[in-house]
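If you're matching them up, the sequences are chains A and B in order. Everything in the first sequence is counted per the working numbering, starting at 1 for the first residue and increasing by one. Everything in the second sequence is counted per the working numbering, starting at 1 for the first residue and increasing by one.
These are computed hints drawn from the structure, not numbers from a lab. The reader is advised that the hints may include incorrect statements.
Put simply, identical chains are the same to the list, so a pair is met inside one copy or across any two.
Taking lysine-lysine pairs in the DSBU-like style, the calculated list, with each CA pair at most 30 Å apart, reads [what the hints assert, rightly or not]:
#1 K208 - K164
#2 K84 - K262
#3 K124 - K284
#4 K262 - K89
#5 K191 - K14
#6 K308 - K208
Protein chains: 2
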Amino acid sequence: MSILTPDDFTAAAKRIAPYVGETPIVAMSPTGLGLKAENLHPIGAFKLRGAFNAILSLTNEERARGVVAHSSGNHAQGVAYAAKVLGVKASVVMPDNGSQMKAEATRSWGAEVVLVPVAQRSSKCQEIAKAHGYAVIEPYDARAILAGTGTIGLEILRQAPHVKYVCVPISGGGLLGGVAAAIGQANPNVKVIGVEPELASDAYQSFKAGRIVALPATETGRTIADGLRVSQVGDIPWEHISRFVHDMVLVSEEEIRDAVRKIAAEAHLVAEPSGAVSVAGALKLKLPPNETVCVVSGGNLDLASYAKILAG
Amino acid sequence: MSILTPDDFTAAAKRIAPYVGETPIVAMSPTGLGLKAENLHPIGAFKLRGAFNAILSLTNEERARGVVAHSSGNHAQGVAYAAKVLGVKASVVMPDNGSQMKAEATRSWGAEVVLVPVAQRSSKCQEIAKAHGYAVIEPYDARAILAGTGTIGLEILRQAPHVKYVCVPISGGGLLGGVAAAIGQANPNVKVIGVEPELASDAYQSFKAGRIVALPATETGRTIADGLRVSQVGDIPWEHISRFVHDMVLVSEEEIRDAVRKIAAEAHLVAEPSGAVSVAGALKLKLPPNETVCVVSGGNLDLASYAKILAG
Numbered sequence: 001m002s003i004l005t006p007d008d009f010t011a012a013a014k015r016i017a018p019y020v021g022e023t024p025i026v027a028m029s030p031t032g033l034g035l036k037a038e039n040l041h042p043i044g045a046f047k048l049r050g051a052f053n054a055i056l057s058l059t060n061e062e063r064a065r066g067v068v069a070h071s072s073g074n075h076a077q078g079v080a081y082a083a084k085v086l087g088v089k090a091s092v093v094m095p096d097n098g099s100q101m102k103a104e105a106t107r108s109w110g111a112e113v114v115l116v117p118v119a120q121r122s123s124k125c126q127e128i129a130k131a132h133g134y135a136v137i138e139p140y141d142a143r144a145i146l147a148g149t150g151t152i153g154l155e156i157l158r159q160a161p162h163v164k165y166v167c168v169p170i171s172g173g174g175l176l177g178g179v180a181a182a183i184g185q186a187n188p189n190v191k192v193i194g195v196e197p198e199l200a201s202d203a204y205q206s207f208k209a210g211r212i213v214a215l216p217a218t219e220t221g222r223t224i225a226d227g228l229r230v231s232q233v234g235d236i237p238w239e240h241i242s243r244f245v246h247d248m249v250l251v252s253e254e255e256i257r258d259a260v261r262k263i264a265a266e267a268h269l270v271a272e273p274s275g276a277v278s279v280a281g282a283l284k285l286k287l288p289p290n291e292t293v294c295v296v297s298g299g300n301l302d303l304a305s306y307a308k309i310l311a312g
Numbered sequence: 001m002s003i004l005t006p007d008d009f010t011a012a013a014k015r016i017a018p019y020v021g022e023t024p025i026v027a028m029s030p031t032g033l034g035l036k037a038e039n040l041h042p043i044g045a046f047k048l049r050g051a052f053n054a055i056l057s058l059t060n061e062e063r064a065r066g067v068v069a070h071s072s073g074n075h076a077q078g079v080a081y082a083a084k085v086l087g088v089k090a091s092v093v094m095p096d097n098g099s100q101m102k103a104e105a106t107r108s109w110g111a112e113v114v115l116v117p118v119a120q121r122s123s124k125c126q127e128i129a130k131a132h133g134y135a136v137i138e139p140y141d142a143r144a145i146l147a148g149t150g151t152i153g154l155e156i157l158r159q160a161p162h163v164k165y166v167c168v169p170i171s172g173g174g175l176l177g178g179v180a181a182a183i184g185q186a187n188p189n190v191k192v193i194g195v196e197p198e199l200a201s202d203a204y205q206s207f208k209a210g211r212i213v214a215l216p217a218t219e220t221g222r223t224i225a226d227g228l229r230v231s232q233v234g235d236i237p238w239e240h241i242s243r244f245v246h247d248m249v250l251v252s253e254e255e256i257r258d259a260v261r262k263i264a265a266e267a268h269l270v271a272e273p274s275g276a277v278s279v280a281g282a283l284k285l286k287l288p289p290n291e292t293v294c295v296v297s298g299g300n301l302d303l304a305s306y307a308k309i310l311a312g
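Throw the hints in and build the complete structure from the sequences for me.
Here's what the structure looks like:
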């Protein structure tokens, strides 16, 4: 399998630039820990980067037919939003037991939402692709997705040239793999660290074992970080993670909640638990705040759940 | 009294640029209403703009002696932070019945905090100034403060060249006066609108009457927007507001709370009630979202109060 090159990342950055605004790095106070605020995108998460890059990498004919994706959360919104902006028909398969808010948001961007039992997500997606000739936009196990997420790494290096550590949440690996490969090839002195919930530690175990370890979904499903419940890293992300990630760290549920609270109080940003694990990791490792940037990957959660976390 | 000129604002922008980062305009989703995210400054509020401009406008001798300010909230942090960064001694007089969080934060920036009964704030401030030869940094009724806050207006015009309406919270008038005068002289087609809580409507009444109307502090003290409880607009802000503000609008307590919730859910930003009134005003007036920018002036509130608002 071939590794994405620096040219792949700069090409993706150029491709998505007309559609995806650069997010700021917000400093927590008073420590100065840097937060790459990917929650400030219109869809409230980084996922539009990969979605735009993937859809823009299709042929004109493919785009004219439409796209289909399956997702329980932010990828659904990313594909729906990018498709709307680009004038492409989109269908998104979502689990019927998932967040209603995320399904609503996906519909609000004009996508057709197909609700199915969670186990049938992938097969239903393939079925729709076949029936309509739609191109499947994978959530993480695809080169175009990693090239898109890697643009976050390029922005960090430009915005924070003094950075030494970058902490990134890990689920299927599309975010971590892209960021690590982009940064690792541009500046190998910067250490990229993956952060994962203790309750969904498949990527951590994979990293330590040197091969992909899968966990049962019943196990990974327990964490509050609902975007990180994927039970095994994708093959393409894995190739990049095993090569470019410096280390991995696990964080507890209480450390994740505490990070959500700190991000609100000290940076005035709304982070979802999955987006806050990077901060939990940086705090756990006691990384030097002024030389560390944490990717806050998203801020999509319903206000009732958020209020409960903030109330402590 | 002379009105601040465009040169005053550009000079202030140049003066504070090395110390004050530009804040982004974050779009609410899906409407696209623009939020000038002044809550993302290190102190979580716009107040550092005026504080830096005022302290940097002192003579070297004045700066060497130190500064003193009185404030119940964000101005205290603004002065403390700017003084720390500039290596200037700072003393801040705060009411002994105010937010402990804000007093702690002010101390965390290295300022000496002097707690007094709320009625003695101003006299204590003068007393300290005399005793130590400190320069008083006024919270809003000063040209240097307005010149500093006006830099927000210049940034908005550059970041959102299509803007037609700018909504701004009004308390003592330092923020609204500066933004309105900066924008009004640079592009008179842009309408600047002041937004005030119904429960603290002195500025609204002043604007409609054409002269400064004062309200009793017991009346203005009722609003949840604790940064907007000032009971009369300052003279210098008033000269600028009466000349450059297009209109004023009042919002209810429930509209303010609703705006705090919408800013969290649709822009993933933590806003304090005082910072969210601008959004409440834009929604109330049904301004066209894509042509409107609301100044979200701050995000400092304790998490328990915030959680209570979010829970609805």
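**Study point:** Alpha-carbon proximity context of K84 and K262, limit 30 Å
**Key:** Between copies only: 23 Å across, 34 Å inside.
Exercise for review: Using 30 Å as the alpha carbon limit, work out where K208 and K164 are close: within a copy, between copies, both or neither.
Suggested key: Intra 22 Å, inter 56 Å, cutoff 30 Å: intra-copy only.
Review point. Between K191 and K14, at a C-alpha cutoff of 30 Å, which is it: within one copy, between copies, both, or neither?
Key: within (25 Å within a copy, 36 Å between copies)
Review point. Within a copy, between copies, both or neither: where do K124 and K284 come within 30 Å Cα-Cα?
Key: neither (40 Å within a copy, 44 Å between copies)
Exercise for review: Using 30 Å as the alpha carbon limit, work out where K262 and K89 are close: within a copy, between copies, both or neither.
Suggested key: between (40 Å within a copy, 29 Å between copies)
**Study point:** Intra- versus inter-subunit Cα pairing at 30 Å for K308 with K208
**Key:** neither (34 Å within a copy, 42 Å between copies)
Checked against the numbered hints above, the structure violates hints 3, 6; every other hint is satisfied.
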